[in-house]
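> Read off the chains here:
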Amino acid sequence: MNKQNENLRLTLYIHGEMEATERLAFEAELESNPELKVELEALQNMDHDLNDLFSLNTEPEGLSSAQKEKVLESLNKPTPTRHSWPFYAIRLGSLAACLVLILMVVTKPEPVGATKSTVGESSKTLKGMVSSESVETNKNVQVEIADNFEEEADLDSVNEVEVRTLSRSDVKQISPSLNAPVMLTKDKSENSVCGVRGNDYKELNVDTMPESVSELRAFCGASEKIKMTKKIMVCPQVPIHRRIENKPNTESYAVVNESDFKSVGSDPLSTFSIDVDTASYSNVRRMLNSGYLPPKDAVRIEEFVNYFNYNYPEPKAGEPFSVNLEDAVCPWNQRHRIVRIGINSQKLLTENRPASNLVFLLDVSGSMDMPNKLPLLKKSMRLLIDNLGEKDRVAIVVYAGASGLVLPSTSCSNKVEILAALNSLSAGGSTNGGAGIELAYRTAVGNFIKGGTNRVILATDGDFNVGNSSRSGLIRMIEKYRKSGVFLSVLGFGQGNLKDDTMESLANKGNGNYAYIDSIKEAKKVLVNELGATLVTVAKDVKIQVEFNPNFVAKYRLIGYENRRLNNEDFANDKKDAGEIGAGHQVTALYEVVPVTPKNQVTKLKYQKSGSDNKSEILTVNIRYKKPSEEVSSKLSYVLESQRTLEIRRGSQDLRFASGVAAFGMLLRDSEHKGEINYQLIDQLCRGAIGKDSYRQEFLKLVEKAKRLENLK
Amino acid sequence: MNDEKFKWITEAMARHERALVGYVHGFTGSEDQARDIVQDAFIKLCQKSNDDFNGGLKAWLYKVCRNGALQQLRKENRMTELTDKTMHGQCDQSPSPDVSTEKKDQYQQMMSLIDTLPQKQQEVIRLKYQQQLSYKEISVVAGLTVTNVGMLLHTGLQNLRVKMNQLQEVVR
Chain A
1 MNKQNENLRL TLYIHGEMEA TERLAFEAEL ESNPELKVEL EALQNMDHDL NDLFSLNTEP
61 EGLSSAQKEK VLESLNKPTP TRHSWPFYAI RLGSLAACLV LILMVVTKPE PVGATKSTVG
121 ESSKTLKGMV SSESVETNKN VQVEIADNFE EEADLDSVNE VEVRTLSRSD VKQISPSLNA
181 PVMLTKDKSE NSVCGVRGND YKELNVDTMP ESVSELRAFC GASEKIKMTK KIMVCPQVPI
241 HRRIENKPNT ESYAVVNESD FKSVGSDPLS TFSIDVDTAS YSNVRRMLNS GYLPPKDAVR
301 IEEFVNYFNY NYPEPKAGEP FSVNLEDAVC PWNQRHRIVR IGINSQKLLT ENRPASNLVF
361 LLDVSGSMDM PNKLPLLKKS MRLLIDNLGE KDRVAIVVYA GASGLVLPST SCSNKVEILA
421 ALNSLSAGGS TNGGAGIELA YRTAVGNFIK GGTNRVILAT DGDFNVGNSS RSGLIRMIEK
481 YRKSGVFLSV LGFGQGNLKD DTMESLANKG NGNYAYIDSI KEAKKVLVNE LGATLVTVAK
541 DVKIQVEFNP NFVAKYRLIG YENRRLNNED FANDKKDAGE IGAGHQVTAL YEVVPVTPKN
601 QVTKLKYQKS GSDNKSEILT VNIRYKKPSE EVSSKLSYVL ESQRTLEIRR GSQDLRFASG
661 VAAFGMLLRD SEHKGEINYQ LIDQLCRGAI GKDSYRQEFL KLVEKAKRLE NLK
Chain B
1001 MNDEKFKWIT EAMARHERAL VGYVHGFTGS EDQARDIVQD AFIKLCQKSN DDFNGGLKAW
1061 LYKVCRNGAL QQLRKENRMT ELTDKTMHGQ CDQSPSPDVS TEKKDQYQQM MSLIDTLPQK
1121 QQEVIRLKYQ QQLSYKEISV VAGLTVTNVG MLLHTGLQNL RVKMNQLQEV VR
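As they're listed, the protein sequences go chains A and B.
Just so it is clear: in the first sequence, position 589 is 589 by this note's numbering, and no numbers are missing.
Whatever position you read off the second sequence (first residue = 1), add 1000 for this note's numbering.
Think of the hints as simulated: they come from the structure by calculation, not from any bench.
Computed far set for chain A versus chain B, every beta-carbon distance over 10 Å:
no.	residue
1	Val445
2	Glu547
3	Phe552
4	Asn614
5	Ile648
Straight line, CA to CA, 25 Å or less: simulated DSS-like cross-link-like pairs of lysine-lysine:
no.	chain 1	residue 1	chain 2	residue 2
6	A	Lys701	B	Lys1104
7	B	Lys1104	A	Lys379
8	B	Lys1044	B	Lys1007
9	A	Lys599	A	Lys615
10	A	Lys615	A	Lys262
11	B	Lys1103	A	Lys378
12	A	Lys347	A	Lys626
13	B	Lys1005	A	Lys70
14	A	Lys525	A	Lys391
15	A	Lys701	B	Lys1163
16	B	Lys1044	A	Lys70
17	A	Lys347	A	Lys635
18	A	Lys70	B	Lys1007
19	B	Lys1104	A	Lys707
20	A	Lys575	A	Lys450
21	A	Lys674	A	Lys262
22	A	Lys705	B	Lys1163
23	A	Lys379	B	Lys1103
24	A	Lys674	A	Lys707
25	A	Lys378	B	Lys1104
26	A	Lys555	A	Lys615
27	A	Lys525	A	Lys378
28	A	Lys707	B	Lys1163
29	A	Lys296	B	Lys1104
30	B	Lys1103	A	Lys705
31	B	Lys1048	A	Lys68
32	B	Lys1163	A	Lys296
33	A	Lys70	B	Lys1063
34	B	Lys1005	A	Lys68
35	B	Lys1104	A	Lys521
36	A	Lys521	A	Lys378
37	B	Lys1103	A	Lys707
38	B	Lys1103	A	Lys521
39	A	Lys701	A	Lys521
40	A	Lys70	B	Lys1048
Beta carbons are placed, not taken as given, at the ideal position from N, Cα and C, and that holds for glycine.
Take these sequences, add in the hints, and give me the full structure.
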């Protein structure tokens, strides 16, 4: 017996679909064949997993009582005659109009019993419903197809059909009716073709669908050339269902609409808030490492780019940050340029760090009870506490069904007590994030250190499922407390339930940052190496406005920062909230720029300010920021001079790496602007720009992984 | 007689309605629409009698619902739209908490791999594991022979296994 048949028997066996006698014989064989037994176990494991997988979802609600009543009411009505196809055709009105007449038939049906032929052959199916890509055809199946069915789409006409083999291009040709449920047939075992012929309606409902090609032929008039009209209906090919319903996953991501190119003629200014978040990168890294490609909207390109450290110059004395500009030919479109804006804030030596008043707001709800959530959270917090000094204070608030103050604000000279409180935490109950946040902010305000760092550190998987959990309600509360000078950091943990969108917007509104902790290594990066950046804000409400020189730039596109865009007039409006920058934070923004050519030159409007004929400057970057304790902003300006256009490979390592990372993000998002981006290009861009940076090394591996996952699809 | 039929229909509804709504939901993506389609199926059932079925009631209901769902999709011209895989969105159902994290990840992988199988294989896997139908019932619902169902399931599982193994290698 060949191996395939053997495996087929295994499948039948585990599904309990074997006849009793066959079953006994098979079991005897299993005993004497250890190899087969191993196979069986592997298959059984998968069978269990599949059962579990699908049992994870709870069933939805059934019919409403009104619907049930309606069903039972119909019992009292006289039983109508069976619905025939014309009935459906009329009932479906518009549907009937779009049904196309087409019929494909196996010209050489196999004799009965053909299903016993080998598995590979028998399952070849012509996939239909004129969807261009999904057609498979093979030499065993010849089909008839209406050549010009569009003209014949007249309900009453009956047409002779030409016999030919359906090929991929045929399907493309008929694609104007892409959505029409064109009929399809069937595999060699000739079993699931169903169809009706237009004019000779035979009653065909679910009970009387023909079982085989031969039956179908009986319907259609048993000739090689089959007559048909557009009312031919089919045993429908299964559409691809929306998979989401099956996924044991309730992660949610806000939709990101990618920014488009803007014309300098109409939009010479581009304004956005800075963003120091990095969560999107570590979250996507977690998904790729677990073996699946991320959903599009989980990829925020600016957070990818800002995850990494760049070699930017230190700021000048008296300025909170330095700004550094660079441009080169755009790697994925030779006619465009890529412009990098790099911002680097002053690093802070540990001894200079101002006193901190920290309130840990920890989610201990049931959903946190997983190895990579609460235990990792505790370890992460321990790392942070280890790095705090005697002048710092820590309080711990937990929230689950009820929220409570586990540890009142305690000086870090008493770390033993803090660690003991931290250790005592365990998970249970549902989550009322709202009440917890309120209590944490009140605790922070009550222990406010003037001139110091006052911050609530929220650690959660983001599942706010009880109480004041509407996102807007939470946000209003956070905005209220932001004005009191208490800032917010959000640390995301775990997976399967991550409310990425909620957490990001909380951090944005709370003058804070959002990081995703997927490992103790990441905790170390965020809470130890970048402790200064995480805790100490050096500038708040940092806004960037780029003015493009119309003599040089025709169009531009900001890569990423989709949810950070600001209106141009908000730039000078000090009441408008924007992003914060912490000590040692770096922010990188990339623009893809279309240079002016004789063809795309913007016609200057007569009354627009004529400006200068300056052709030596590409753009000016204006940055507004406030010192942490002030409410009036200052402005800094920087100019990017145009030079000889540089090839990307001659650009700095930072430019090459940042564009490689952005390209990776665009590829994962399947961006419409991805141009010539492919995995090879990303590798080329980044490989020479790694240095000794272990995070950059890891990035290369991640790109490789994504590429292989892509190939698996 | 009417009392008896009333009881029969009521019982059939109580027993199958939720699973059917879940099943149709997989096609339409809308629970309300799914309920309408399931309601129509039961109204059709009212025109039948218990004797018509001989044990095949469940399969019949699935088949009617499947046809209803596909008709609905056609009516809305959504056949192609559905090929866009939306990875997230309207899902409110919470996974049961007692499944370990690694398992969940593995399930997620499996689910995304099932998406890559040929459609017929996907459908039989879904009918088998999600709806827990027998081969016979699947054959009625999907219009296949029992032998064919067996082979599709077998091929589907084998394909899935190969893909799982490939994936393990990539992840490693």
